[in-house]
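Please model the complete structure; the sequences and the hints are all you need to start from.
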Amino acid sequence: MEYLLLLHSDPKGWETMNETERAQGMAAYMAFGDALRKADVLRGSNRLRPADTATTVRIREGKTEVQNGPFIETREELGGYYLIDVKDLDAALSWAARCPGAGHGSVEVRPVWGM
Amino acid sequence: MTQEAEDAARRSYGKLVAILAARSGDVAGAEDALSEAFGSALGDWPEHGVPANAEAWLLTVARRRIVDGVRRRKLDEDASQHFLLLEELAEPADADALPDRRLELLFACAHPGIDRSARAPLMLQTVLGFDAGTIASAFLVSPSAMSQRLVRAKTKIRQAGIGFRVPGRDELAERLDAVLEAIYAVYAEGWTDAEGADPQRRNLAEEAIFLGKLIAALLPQEPECLGLVALMLHAQARRPARRNAAGDYVPIAQQDTTLWDGAMIDEAESLLHAASRIGAPARFQLEAALQSAHNVRRTGEAVHWAAVVDLYDALIALDASPVIQVNRAIALSKVALSKVEGALSGLQALDAIATDARLRDYQPYWAARADLLARSGDAGSAREAYERAIGLERDPAVRRFLQERAAALSA
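So the protein lines, in turn, are chains A and B. Using the working numbering, read the first sequence as starting at 1 and increasing by one per residue. Using the working numbering, read the second sequence as starting at 116 and increasing by one per residue.
Calculated directly from the structure, the hints in this document are not laboratory data. All figures in this text were calculated on a predicted structure; none of them were measured in a lab. Glycine is no exception: its CB is placed at the ideal position from the N, C-alpha and C atoms. Among the hints, erroneous ones may be present.
Unchecked claim - Ranges between beta-carbon positions, derived for each pair:
id	chain 1	residue 1	chain 2	residue 2	range
1	B	Gly415	A	Ser94	22 to 30 Å
2	B	Ile393	A	Ser94	36 to 44 Å
3	B	Glu519	A	Arg37	20 to 28 Å
4	A	His104	B	Thr470	32 to 40 Å
5	A	Met115	B	Ala332	20 to 28 Å
To be verified - Straight-line distance between alpha carbons at most 25 Å, and here's what the computed DMTMM-like set of lysine to aspartate or glutamate pairs gives:
id	chain 1	residue 1	chain 2	residue 2
6	B	Lys130	B	Glu151
7	B	Lys271	A	Asp88
8	A	Lys38	B	Asp476
9	A	Lys12	B	Asp363
10	A	Lys38	B	Asp466
Here is the structure:
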């Protein structure tokens, strides 16, 4: 089954890190991605630019509204995702727990509803 | 409630569930009745004062709830049970005479008919009163899935008529193994929270020790019960040394032994000796002996690695799991006189099990491999293995430690 791991975290955490900590943080994500690939469960992953680069579109009563910023303003913002294909939710949770994002933010695990 | 009252309530909880469920075979019904009784206590006690015999009071109220429930349902099949319960109600419960049926409850929870993954959670809930959400976090399972698992297990106990009894001699060893394994699973989950950052999680390690001591007290002639408690105490004794002041991971060989809890180690040692006087060592005594072999460092002694390898060999003879093989390989690498020679013999032992598919995502295998490769001088392969271990690690402190090790390779 496919699950999307959604990484939410406070971008301030990253901003307050020094060079070494950042390098270490990036390397941890690289290693996590590699582990997913080697386990043959990774279907896709990426980072997202910060939420202040977001633009939100909605149509209300026939009128298009375009708004700067994300759909919901929160301290912890969506920063990236991993799409994985594993046996069941337990397996997805065990990968989520290994994700560095679980340590400095939250990892939301959502089953993919295929179309 | 004060902490003391809460602890007392928690201790009473399992005792009372055990008594109620042993009669009816209905764990869920017992829990519901008891939670209603606790609810009544919250209303009654502040007004009338805590009864001198609180447990007996709770038991009587809970029994009355069960009788009321049966009466409401008016089912023929329950009639006989109904009369038994009425008889019990006629004689007010006396706390000193309350039987301890928790042993029977533990055996019901770890019955072979209960799904293995439900046994430890079931014990946590019925004997210790943990809620499903807390248990789910500890076992890294979704709370709704954990609730379902618990409900299913309790239904199974009731519908399959799983008896509340201590197995006879002929099947005791095997059945006891399942109980001890479930208690150890609770401990292992508590152990993964090294800093004790999560108060509920740290409790889990302590609660497992409580369960272990409980079963050891109820079955004092079973050496494996003593072995399990010794094992948990030995590991627990090192807890304060597992992280330094900055929160960094400290491997066992570098731990400050003055931080180890000496009294706990002594207690573990005397339990292990008591166990060895009873009979032949089995799994938990061997694992406790392994912990003991590491904890000799407290008295300034060096770890006797050849003896450690022997202990692993004895364990492998009982259960050739790859987990034990990985640990044996590490111990083996410390036996040889030269660093490189040791590393190579450890690697050889790891290569022998490398095709086991279970090791692909098993972090300790890759961490061990990385360390041995580094010691053997193969920095390139070591770096790759470290990467793999880092990607599979859950604990940020351990991840940092491995990253520093990997970085030191190129230096």
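When you check the alpha-carbon spacing of Lys271/B and Asp88/A, does it fall within 25 Å? Holds, at roughly 23 Å.
Does the Cβ distance between His104/A and Thr470/B fall inside 32 to 40 Å? holds (36 Å)
Does Asp466/B lie within 25 Å of Lys38/A when you go C-alpha to C-alpha? holds (18 Å)
Check the hint pairing Lys12/A with Asp363/B against an upper bound of 25 Å on the C-alpha distance. Roughly 22 Å between the alpha carbons, so the hint for Lys12/A and Asp363/B holds.
Go ahead and decide if the range 22 to 30 Å is satisfied by the Cβ distance of Gly415/B to Ser94/A. violated (40 Å)
Measuring from beta carbon to beta carbon, are Met115/A and Ala332/B in 20 to 28 Å? violated (59 Å)
Does 36 to 44 Å hold as the CB distance between Ile393/B and Ser94/A, or does it fail? Check passed, 38 Å falls within 36 to 44 Å.
For the pair supplied as a hint, Lys130/B and Glu151/B, is the alpha-carbon distance within the 25 Å limit? holds (16 Å)
Consistency of beta-carbon spacing, Arg37/A to Glu519/B, with hint 20 to 28 Å: holds (24 Å)
Would the pair Lys38/A and Asp476/B pass a check requiring their Cα atoms to be no farther apart than 25 Å? holds (9 Å)
In the structure shown, a violation is registered for the earlier hints numbered 1 and 5, in ascending order.
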